[in-house]
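*Asks:* What follows is the residue order along each chain.
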Amino acid sequence: MNREIISAFSSAVVNIMPMLGISNIKLVNERKCGKQIESTGVIGIIGIIGELSGNVFFAMDEACGKKIASYMMGGMEVEEFGELAQSAISELSNMLAANASMILSETGKMIDISTPTLINGAFTVSSIFSEVICLEMLVEDMAFNIYLSVKEN
Amino acid sequence: MENLKIVVVDDSPFSVAMISKILEEKGFEVVGSANSLPEAVEVVSALKPNLVTMDMTMPEADGIECTKAIREIDPNLKVIVISSMMDEEIMRKAKKAKISGYIQKPVDGDELSLLIRRIMAEEELFVELEQLYATAFKEAVTDTYNRFFKSIPAYKNENSLNSELVSQGITVVMGIIGKYSGRMILDMSVDSAKKVACSLLCKDNLSEEYVINMMGEMANIIAGNACSMLNKKNEVFGLRVAPPTVVYGESITISKLKLDTVTSVEADTVFGEIYLNVGFNRSECDE
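Going down the list, the sequences are from chains D and Z. All residue numbers for the first sequence refer to numbering that gives the first Met the number 0, where the first residue is 0 and numbers rise by one. All residue numbers for the second sequence refer to numbering that gives the first Met the number 0, where the first residue is 0 and numbers rise by one.
Isolated chain D (complex conformation) (with noise of 0.2 Å):
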């Protein structure tokens, strides 16, 4: 897969999660995987179409869902992963998906990407394509992967 769509994606994260009051973030691994995914508790889902097509996958336990949308609800408490926190993670999963696609339109790859969907649960996810790239990244030291299954059309 290009670097740059990869890089695309492990930006976003850094440019947009300050922005939500989050500081801490890594990168701690760049991986090829097959193309099933097992859960950890909670992945939103979205569509991409254009000059890549394909799908990306947001995936965190609900611990760090939670933690993220609290930052995302100005520090209130979140207890449960309920409602509020999914529809936070969603908005999030939207807002890492679009800013990835302002990274790649900088480098002249035009792309659309779909509505958020976000599972939660015990689950696998089954990509179209056979060779997926997992970013493994540190949030407030909670693990966040992101899978990239996508092709250049």
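No wet-lab data here; the hints were simulated from the structure. It should be emphasised that the depicted structure is a prediction, and the values quoted were computed from it without experimental measurement. Keep in mind that the hints are not guaranteed to be accurate.
Capping the alpha-carbon separation at 25 Å, the derived lysine-lysine pairs in BS3-like fashion look like this [as the list claims (entries may be wrong)]:
1) Z:67 with Z:257
2) Z:257 with D:66
3) D:108 with Z:178
Listed next, the stretches of chain Z that the computed footprint assigns to chain D, with coverage defined by at least 3 CB atoms under 8 Å from CB atoms of chain D [stated by the list, open to error]:
4) 178-187
5) 237-248
6) 254-266
Don't be surprised by glycine CBs; every beta carbon is placed ideally from N, CA and C.
Put chain Z on the given structure of chain D with help from the hints.
*Replies:* Positioned in the frame of chain D, the structure of chain Z alone reads:
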């Protein structure tokens, strides 16, 4: 513009008179005006306008607070901010409050008229999509089942409630992109999905991988055909689908999503119950 009722909100009676005069000269009907938040609430409740022009700075509340208050009366009310100030902070707040457009004072009549016509044309287009999409997606499901299995699903419990969904076992998420973005969800039990796949491939037993591929392919056909039907009705929709994502497992809860229009429907098929959920969002202000 036919049947379009406009209310002008501005704390300055002079500005109200100026903006009203410009709108009337351009052929629009100004049905009322307000100089404060309480007045705006009263006028919008009583006159039910389609569009409001909103001043940004008023004595007791800003234009964003006032927009929120009148949207509680009518969530679909179109609001155009008319203000002498236009900076990034105001634009950011306006975008967040889903303001339809922004004009700087002094108001240019042609610019305002063009903006209103564009906003209302967008609204008509979204209403057209709202009227068409549920039928198109159901028709695509019916065609797919009819073509592959010579059987027609029986639809039931159609509703437009935006609520959390609990999967029956296997679900496919299809992102939709175009003039409006959205998504389709197709859900059924693993047992139903196996029966569908076995019937399609004329085999008694199939691996999980085949079943997952079949679900993705079937959802892709349904969403692709439905979007083609909608694009044929009006090519401006320009809808396209992102590749399918299949989700399966012991517990799958799909969150309630912020969608401006959503339709859920269940259907009894020869292979058990299926669940279809389709929704779209209006495009946001990008001015």
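*Asks:* Would you pick out the hints that fail for this structure and give their numbers low to high?
*Replies:* none
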